[in-house]
Amino acid sequence: MQRSDRRFGLIIFFLVIMIFPLVFTIPFYSRLSQQDVLTRVADYTMNELDYSIFTDWGKGICMHGLLDAYNVTENEKYLSFAQYWVDQSIRTQTADGSFGHGEFKVGDSTAIGLSVLYFLNQTGDRKYRDAAIKHLNYLRSPEQIWVNGSHLEGGLSHTHNRPELWIDHLYMVMPFWAKMGVLLGNDTYINESIHQVYMHLKHLWDPATNLCVHIWSETEGYLDPYLWGRGIGWATAAIARMLDIIPETHANYSYLLDTVLLMLASLGDYQDPVSGLWHTIVNDTSTYLETSCSTLFAYTVAKLYNINATWINAGNKTMAIEAFNAVVQKVDNYGVVHWCTGGTGANPYDVPRTE
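Basically my numbering = 1-based index in the sequence shown + 52.
To be clear, the hints were calculated from the coordinates, so they are not data collected in a lab. Warning: the hint list may mix true and false statements.
Unchecked claim - When the alpha-carbon atoms are kept at most 30 Å apart in a straight line, the in silico DSS-like pairs for lysine-lysine are as follows: (1) Lys-254 - Lys-369; (2) Lys-382 - Lys-369; (3) Lys-369 - Lys-179; (4) Lys-179 - Lys-254; (5) Lys-129 - Lys-179; (6) Lys-186 - Lys-254.
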């Protein structure tokens with residue numbers, strides 16, 4: 053098989069982080085039956101993508117996915133490969149603390165942050181701690197958080213040059229931010245991570261569906277009208293991860309839990325009954341069925357079930373299993389996950405899927 057182009061490669065790294073934890077965390081599903089799928093996707097991810105050109109969230113998600121693959125398979129090749137690229141992100145970390153070395157989006161490079169903390173926990177090497185603290189300080193700097201004269205009210209802007217809130221930030225940034233608070237014993241950082249979730253959802257929440265849209269821009273007076281599936285998945289998966297990080301005794305723990313359960317209840321109404329997938333615009337059946345959002349929704353259920361099984365009702369469980377089975381069927385013999393949308397900016401939702 054020839055090396056795919058970059059767009060085809062995008063299909064993989066969108067999905068890799070999502071499939072691996074599902075195999076590992078759903079107790080009501082057979083791990084062994086999916087081991088082959090996991091290794092196919094992991095091997096393709098490791099062998100067919102050029103991570104030297106990825107400076108943003110793609111590399112971070114892939115590395116964390118490979119670490120999840122290592123946790124399941126105990127195959128050292130995934131661990132060493134991920135460590136090489138995590139170390140590379142530290143070597144190229146900018147003076148102000150970004151892992152993106154030139155990336156103009158503020159928080160996308162934070163996606164590799166949880167992998168930095170993984171190796172800190174595994175090795176105790178101070179370079180991981182120092183890099184993580186430097187990056188957190190970058191995120192918390194006044195240059196990134198829009199406060200004065202802005203309706204963002206302390207929200208972390210997605211871009212450097214104008215105040216915007218993108219739902220992607222919840223997944224790329226907030227679990228890392230919360231985990232740094234736990235690691236350093238700093239309640240302020242934990243509170244800030246939850247405040248960021250609140251501020252993003254305040255501007256992006258759609259009360260008619262109890263879901264969220266993708267982008268709000270103060271400068272352009274723009275509120276994205278679309279319920280983009282993967283964006284909603286970023287939000288639900290981020291909150292699920294944070295619930296596994298933040299102490300259950302935290303005053304706002306119930307806010308996070310109630311929010312994600314409300315979103316799951318709404319998502320159940322939009323799952324395609326035939327395929328088990330969701331449409332890329334979840335409330336528009338004229339848009340294509342899509343695998344990355346479907347995997348994120350299933351991952352959310354699996355993660356919550358793994359934290360506290362009583363949170364997940366029978367409907368949630370069935371929804372997740374049907375989605376997971378549907379996605380696994382879209383993995384080919386090479387480890388490519390099909391039916392996955394490419395990168396999504398402000399207005400490409402109507403671009404048709406090509407395979």
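Here is how each hint holds up against the structure:
1. A hinted pair counts as satisfied when its Cα atoms are at most 30 Å apart, and Lys-254 with Lys-369 qualifies at roughly 28 Å.
2. Of the supplied pair hints, the one linking Lys-382 and Lys-369 holds, its CA atoms being roughly 20 Å apart against a limit of 30 Å.
3. This hinted pair does not check out: Lys-369 and Lys-179 have alpha carbons roughly 41 Å apart, beyond 30 Å.
4. Simply put, Lys-179 and Lys-254 have alpha-carbon atoms about 36 Å apart, too far for the 30 Å limit, and the pair is violated.
5. Distance hint between Lys-129 and Lys-179 is fulfilled; the C-alpha atoms sit about 22 Å from each other, no more than 30 Å.
6. This hinted pair checks out: Lys-186 and Lys-254 have alpha carbons roughly 28 Å apart, not beyond 30 Å.
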